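*Asks:* Quick one: dock chain against chain with the hints and give me the complex.
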Amino acid sequence: MAKIQASMAGNVWKVLVKEGEEVKTGQDVVILESMKMEIPITAQADGKVQKIYVNEGDFVNEADDLIEVE
Amino acid sequence: MSETDVKTSYQDRKERVLKGGQEKYHEKNKEAGKLFVRDRLQLLFDQGLQAEDGLFANVMAGDLPADGVVTGIGKINGQRVCVMANDSTVKAGSWGKRTVEKIIRIQETAEKLRCPLIYLVDSAGARITDQIEMFPGRRGAGRIFYNQVKLSGKIPQICLLFGPSAAGGAYIPAFCDVVVMVEGNASMYLGSPRMAEMVIGEKVTLEQMGGAKMHCSVSGCGDVLVNTEEEAIEYAKKYLTYFPGNYTERPARTAPQPPADFEKTIEEIIPKNQNAPFDMYQLIDRLIDKESFCEVKKLFAAELITGFGRIEGQPVGIIANQPRVKGGVLFHDSADKAAKFISLCDAFHIPLLFLADVPGFMIGTNVERAGIIRHGAKMIFAMSEATVPKMTVIVRKAYGAGLYAMAGPAFEPDCCLALPTAQIAVMGPEAAVNAVYANKIAALPEEDRPKFIQEKREEYKEDIDIYRLASELIIDDVVEPDRLREELAARLDVYMSKYMIFTDRKHGVNPV
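Going down the list, the sequences are from chains C and D. Using numbering that gives the first Met the number 0, read the first sequence as starting at 0 and increasing by one per residue. Using numbering that gives the first Met the number 0, read the second sequence as starting at 0 and increasing by one per residue.
Looking at chain D on its own, in the form it has when it is part of the complex (with noise of 0.2 Å):
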């Protein structure tokens, strides 16, 4: 081959690998609001991918451009981050033993530069025709997961999802740290629609069974539901801000805003009726920088609200109750959704901060046949484990295990403060008071009766009474709901030193 030959044959192996799958794969993309894989990367990083492994893995193929799936490093807000890349134009974005491998090794790639790992996933899933080289193996697909498992903690993990993630590739998103999802593209199935009819008789179609408003609404497994790519990327970059690139660096803190401008004060929007609904989304708007705020799993058992923010700049994880949805009762699917949350808020060192306004957790049938009790416990259990600072308020009251779940006094937070007309207690007064005194109050003659329940919750009020138990130093301060912020924020300055290991074992035995 003479010199020329030699470029010519480079340019055009390389050009055409590039180009990705069939012209009419890139139209039936367009189509669907799909953007071509190398698109993707140009929009997700500040100028593109630095560098690039297996270009030109399946090249003797002829037809499977990179084998199906992009891999590679560069940086996003000037940080650091990996990279794999589903091609969808390719057959389908299936994986062969070389896509396999691919996602393998920038999977220990993003483990040795100790870097956060973003998987944008499209993909039909296994090529049942490649199995053996792809499936069973030590360095078959199942090492993907295992590989997943052993970096969470490590490094943030990413998923995007931007078309289906089939069949075992539905775990790679079960087993990152946040899950966007494109409404109408994304979805998440362990067996198609076709196989569920084929195998279990059902009808069903894809968007009901596996769709991304279900996941994000319903089954938990999406975090956040977006319309376009272009959202679901937006939303991976500013994500990544409140996180360091790896658990042994610290989040960073970027230059202090003022919260947004409001006509009402805090004390103006929190209901002096222990009982009214109000939103919480209000509060936290009011304690936290401007425009800061980044939910996590919004449509999700909405009765609690979990996303960072900032105060003066640094990064918080905040746990909130929201009394406007359901009371704010914590639920099983509240449960569940914070003790996430909270783990992976610990794993990188994202301070607590705990909004309680809770009646407690949910009672009845239906909540205690779905295991309230179990997944309650899953909370208790990660929020008990975080060695974080922990940051409690109770907004207007905390009452039963509502007050333990929320980082209590009990469970080590390193405050746990209070406003005026907050109220902790085993039980609120109403149902207090018909506990207590049910056969007394049945035992006297009606008309007697409104009386001696006013009289009874007036005595019981004053002994939950805020001072008293700010004198018996169960809470830490009472805060003016104005001055909350800047107690919040002064709070955060000395909590960063905090060191501390929770306890000497190997692991704790996790209710889940």
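So here's chain C without its partners, still in its complex pose (with noise of 0.2 Å):
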């Protein structure tokens, strides 16, 4: 199980998984926007996508957890 984390502060853009989805390597699956920047977020590992912790629009900090891997 691994959670993928913010990299930045910023507000989450959009989110580009569904539960129960399976993601690969490198995949992003969450894209935050700080700094008038699009800041992709990418999976850490192959596995399939147990929990989303934030909706669209939410302000996370660096270190947040975004989404959790089985």
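Hints were generated in silico from the structure; no laboratory data involved. Worth double-checking, as some hints may not be accurate.
Unchecked claim - With a straight-line cut-off of 30 Å between C-alpha atoms, the simulated DSS-like cross-links for lysine-lysine are: (1) Lys460/D - Lys13/C; (2) Lys202/D - Lys2/C; (3) Lys460/D - Lys35/C; (4) Lys111/D - Lys13/C; (5) Lys74/D - Lys289/D; (6) Lys297/D - Lys13/C; (7) Lys50/C - Lys212/D; (8) Lys13/C - Lys202/D; (9) Lys236/D - Lys289/D; (10) Lys18/D - Lys23/C; (11) Lys111/D - Lys149/D; (12) Lys35/C - Lys271/D; (13) Lys47/C - Lys297/D; (14) Lys35/C - Lys202/D; (15) Lys236/D - Lys153/D.
What the hints assert, rightly or not - Stretches of chain D that chain C covers, calculated by requiring three or more beta carbons in the stretch to come under 8 Å of a beta carbon on chain C: (16) 124–136; (17) 350–357; (18) 421–432.
Owing to the predicted nature of the structure, the values given are computational and were not obtained by experimental measurement. Heads up, the beta-carbon is just placed ideally off N, CA and C, and yes, glycines get one too.
*Replies:* What follows is the structure in structure tokens.
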């Protein structure tokens, strides 16, 4: 089980996966919007999305949990 | 003693010393994937050591061959290099009086010969039993660090970390220009996990607290993470090709190579949308000779890329924002990373190439508490002081202090170039319109707002149009993306005779 975390502070712009979906290493799973830039957040390992902790529009701080992958 | 006895005695002693410590320690090292110190040196040098001193150090003790360290001189890629290499089969590579003296002497030798010094570190630290002889005095271990500081910028100093570098010993890598760490075996720490538990009550593993991966990705004390000792040695050999033997010489130019082949052109890989991510490595690969990239701190503060490359054979130090990671925004760690890299290149006459695609420095509580202003100042300080040829390319954008930190026009680059789609401004159009017209926007009826905002953004874009900046001589040239390599090669060639003394003073007061 691995938690994918925000790499920097910003707003959740897009959540690209759904609970139960399979993801691959390097795949973009969330895009944050910060400093007027799109910040892609990628999966660090293959697995199945167990839980999504955030909604689009939420503010997240660096290291906040975004998604849990099993 | 008869003549035969003298010879036998000599050969016996020498053979024993050359074998290092007890067999069980050799076995233990082998299991951990560690090579014997003399095998490491065989791999590192073209033809082994040409001269070795202190082979019989502490020979009278009987069980401390060479006193746990090999020091000598040889050639790497035909270039003269001094080395000190711990032997972890001898009392875990710990330092006694003669170990320290040998290290100090090879430093003095490197200074006199004006050649690079490589430290192959694999040591448990000081021998507490010998402390009075090796710790506090004028030629005690402190002298090693004093010498390192003195040699810094004079000759390249490289650390290959194959095992622990504990307590005081951890400062050997800290004062080197670059530190290569072997995953699983290399570590740096001031107090061991056992000591941490005893003294502060923390329970932690060595890998978590001071392992190679942690140092190369979190603390920044390590620069290059490798899987094997062979890889570490290969890296050091490649790294040295970008460097002169000392600060009075220039790095060697090699035979020019074309860049690697790519399907997409530079114009095709750079998104038109300023806010979209792209992979800066793809641009770097299109600008430099193929297979010439040698990266430093790849895993640390990846929003900024630092590494050496060659353009038409000429070594350059590249500092590039990486929009793929954290939007290419500058953070405290990336500024710190850039400051050291710039200072390293400047010390050894390696021209600097800044590839700017930067929305600015990060804002918010976290980074202010981390001292982003202080760290940003370090980067700007090092970049300002650098007197090597400095070339700046505004790839897509340089906003705010990001323009300054990436060697913008005010910091005396030899040229500030821009691609035709680039933007330079205090801030991007979205933020600027909000900042200037916030009250006015709020006063408008909601349905009129989008149109007003769009109009103002367009006006703003015209105001910061790149040709306007070229017209005002703010940038020196606008370059077509697919001609950029050619342009940089031509300019590098003409800037090679640059001679500049930054200013007259004892030294600046670094914001560290």
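*Asks:* So, for every hint listed, does it hold in this structure?
*Replies:* Structure-based check of all given hints:
no.	hint	verdict
1	Lys460/D - Lys13/C	27 Å, holds
2	Lys202/D - Lys2/C	23 Å, holds
3	Lys460/D - Lys35/C	15 Å, holds
4	Lys111/D - Lys13/C	60 Å, violated
5	Lys74/D - Lys289/D	26 Å, holds
6	Lys297/D - Lys13/C	28 Å, holds
7	Lys50/C - Lys212/D	28 Å, holds
8	Lys13/C - Lys202/D	39 Å, violated
9	Lys236/D - Lys289/D	18 Å, holds
10	Lys18/D - Lys23/C	49 Å, violated
11	Lys111/D - Lys149/D	12 Å, holds
12	Lys35/C - Lys271/D	15 Å, holds
13	Lys47/C - Lys297/D	29 Å, holds
14	Lys35/C - Lys202/D	41 Å, violated
15	Lys236/D - Lys153/D	19 Å, holds
16	124–136	violated (count 0)
17	350–357	violated (count 0)
18	421–432	holds (count 3)
Violated hints for the displayed structure, listed by number in ascending order: 4, 8, 10, 14, 16 and 17.
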